[in-house]
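Engineer: Here is how the chains run, residue by residue.
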Amino acid sequence: MSVTSLEFQAHAAEAAPEEAIEGRSQWKLTWRRLLRDKMAIASIAVILVMVVLAIAAPLFVSLTGHGPEQAFTNSGTTSSGAPVPPGTHGFFLGTDYIGRDLMIRTLYGARISLFVGILTTAIATVAGVAVGLVAGYFGGWVDTVLARFIDTALAFPLIVLALALAAILGPSLAIVIAVISFFSWAGISRIVRGQTLSIKEKEYIEAARSLGAGPWRIMFIDILPNLLGPVLVLATLYIPTAVVFEATLSFLGLGIPPPTPSWGNILGEAQNYYSVAWWYVVFPAAALLVTTLAFNLLGDGIRDAMDPRTERIFAAGRKRRKNKPKAATEPGALPTLTVSELGE
Amino acid sequence: MSDTLRDAASPAPLEAAMEDDVLVRVDNLVKHFPVRGGGIIRRTVGQVQAVDGVSLVVRRGQTLGLVGETGSGKSTLARCVAGLIPVTSGKVTFEGRDITNLSRRAMRPFRREIQMIFQDPYGSLNPRRRVGAIIGDPFAVHKTASGAARKKAVQELMERVGLNPEHFNRFPAEFSGGQRQRIGVARALALRPKLIICDEPVSALDVSIQAQVLNLLADLQSDFGLSYLFIAHDLEVVRHVSNNVSVMYLGRIAESGPKNQVYDTARHPYTVALLSAAPAADPDAAAQRRRIILTGDVPSPINPPSGCRFHPRCPKAQELCSQQEPALEVKPGDPAMHQTACHFPVQAGETLARVAGRERR
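Read top to bottom, the protein sequences are chains A and B.
The first sequence begins at 900 in the numbering used here and counts up one residue at a time.
The second sequence begins at 113 in the numbering used here and counts up one residue at a time.
By construction, these hints were calculated from the structure, which means they are not laboratory data.
A couple of the hints might just be wrong.
Only some residues are given here: those of chain B computed to face chain A with a beta carbon under 10 Å [what the hints assert, rightly or not]: (1) 195; (2) 226; (3) 235.
Here are some chain A residues the structure puts well away from chain B; computed CB gaps all over 10 Å [claimed, not checked]: (4) 1051; (5) 1055; (6) 1072; (7) 1097; (8) 1185; (9) 1238.
Predicted model, so just to flag it, every value in this text is computed and none were measured.
Note that beta-carbon positions come from the ideal geometry of N, C-alpha and C, so glycine has one too.
Kindly produce the complete structure, drawing on both the sequences and the hints.
Structural biologist: Written out as structure tokens, the structure reads:
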């Protein structure tokens, strides 16, 4: 085998003029696949509408003249003291048990729910990624200590903790955020730790070490970009969990203290009135349902877009069903290969 | 045992004159990996003796080829020299300075002098980072260039290794295997190192691409005065690139010396067997040559054979081989640079190919 005789031809071929020089990043490809997913687009639209409504809630207050905690005992309640149905006296979605505007309260509830959902997920993601990366990368006793810590956090009885904290400190927004964050980071940590354990054995990490890169540079420049995909999916799926968790705590009276509206405490109040005022339950519950469903579907969409293999499996299945009636070979077509009279 | 090895490593009179030439000296290097039991206490139940007393020398501007089968400890040795894994015992000196088991901070200046090219062109490039960032990494880590200067340096490197410099914004997935290996070469070259450790740099490439990458490495060597520690299991590749060759077997050096000495007058039965097993491109030659078929597998490095580690598979093995470890030394009739670790070195004209009737097992 003479190696020298082969000339160095690669450069000429590679230097051929090309149109697109900018490489398409994983994110761009993911985004393009996501844009083809109708369900994900619908979810994004719903979430955007929710966010815009939540931000614009004070605008609705000035339009209707109804404050979120303002009780209209005359126009907002019937003569027997029950809530008025949607459409009466300028209350588009009716009123609650003391004559407050349910639409305004639901909109303000969206502010709390989205704020708590996004903030706690952000805290949990940052903490979870940091703990998971450190535990996975350093290993040894650091990993042992942090992994036990993760297990402890996952095993904690959350309602009991929330109950105890609310009983001692009194229910408040800060406690809600603290409790939800505390119960969310561990799940993210566990995933990140596992991913880190597998990524740190890759040769490109060894290459970075051979260049003299320190552990923090390797963790945040070399490993973290490889984790962002699963973390983004996880975070998107944690937002609705946090929203529901907040609603649960508020429903039980351990979360956002009244009179501040939150979907959970509105539903909590509505328990006693649903037989006479269906709107009291339906509208805040629908808001909660639509929001969490949209985030969940978006998370699924992102996951599908990140991992085109799963997408391709479904696409292949569809294509196969469509193409089935076609015959394998058309009659009368020339054979590709004919062998006859094979002799000695 | 250690005495004989140290003797082998100490500079012979002829080598002493060439001491200035020595870039890297590896002295009786040992790397054992502990094997832990599966129980709760996880106590150490054994040692994988990946590298067990290896000495070698890489000279300035030259290439030392390291051959051996899978599991012979070549890559472990490379990682020890590169300071990527701690050494159990022994010494690695670079330009006369001891770099064995330095802390990361103390090792930092040497990182600029010693670089590595990895085997897998897919695994050695971070899939989420752009090529420009990957090749610019050495500048970023050592803070030698930033911004526009770094980009210019990266593009010069890409040009030098035969990549289109306009492609710095692409991702590794958009390149072929050969191009990816060029990216790896550019990254290793960035800090203008003196030594590049090539860990099977062409094993994962197809043959025509291998030639291109090998030619590139040869060009770079003459342009920048690089020294290579070149690891491969392909004997012909090693013959093509090396000045000196060391043959490893189960964590030890079986034979080492100038390329032509080792290839043309191999002394160690293992080297002879390896050479006879290499495929020949000429079918007539392939039909005529007599292959030495080694029996059995490579023994476990957790529990290596006593004496000469090759003795259970060696066609020339005798009683002595299982009892006494042969020293790596110059055999009678060989030049001073050609060392063999064998009690019964193969003589010129001797044939080792076993005839069916003489099968020992």
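Engineer: Taking the hints in turn, state whether each one holds.
Structural biologist: Hints, one by one, checked against the model:
Interface restraint check: residue 195 of chain B against chain A, minimum CB-CB distance 8 Å, threshold 10 Å, status holds. Contact between residue 226 of chain B and chain A, as hinted, is supported at the beta carbon level, the nearest pair being about 8 Å apart and thus within 10 Å. Annotation: interface hint on residue 235 of chain B holds; nearest CB of chain A at approximately 4 Å, less than 10 Å. No Cβ of chain B approaches the Cβ of residue 1051 of chain A within 10 Å, the least distance being about 20 Å, so the stated non-interface status holds.
Listed as outside the interface, residue 1055 of chain A is consistent with that label: its C-beta sits roughly 26 Å from the nearest C-beta of chain B, beyond the 10 Å cut-off. The claim that residue 1072 of chain A lies off the interface holds: its Cβ sits roughly 37 Å from the closest Cβ of chain B, which is beyond the 10 Å cut-off. With a closest Cβ-Cβ approach of about 12 Å to chain B, residue 1097 of chain A is found to remain outside the 10 Å limit, as its non-interface label requires. For residue 1185 of chain A, the requirement that its beta carbon stay farther than 10 Å from each beta carbon of chain B is met, with the minimum near 40 Å.
With a least beta-carbon separation of about 28 Å from chain B, residue 1238 of chain A lies farther than 10 Å from that chain, consistent with its non-interface assignment.
The structure agrees with every numbered hint stated previously.
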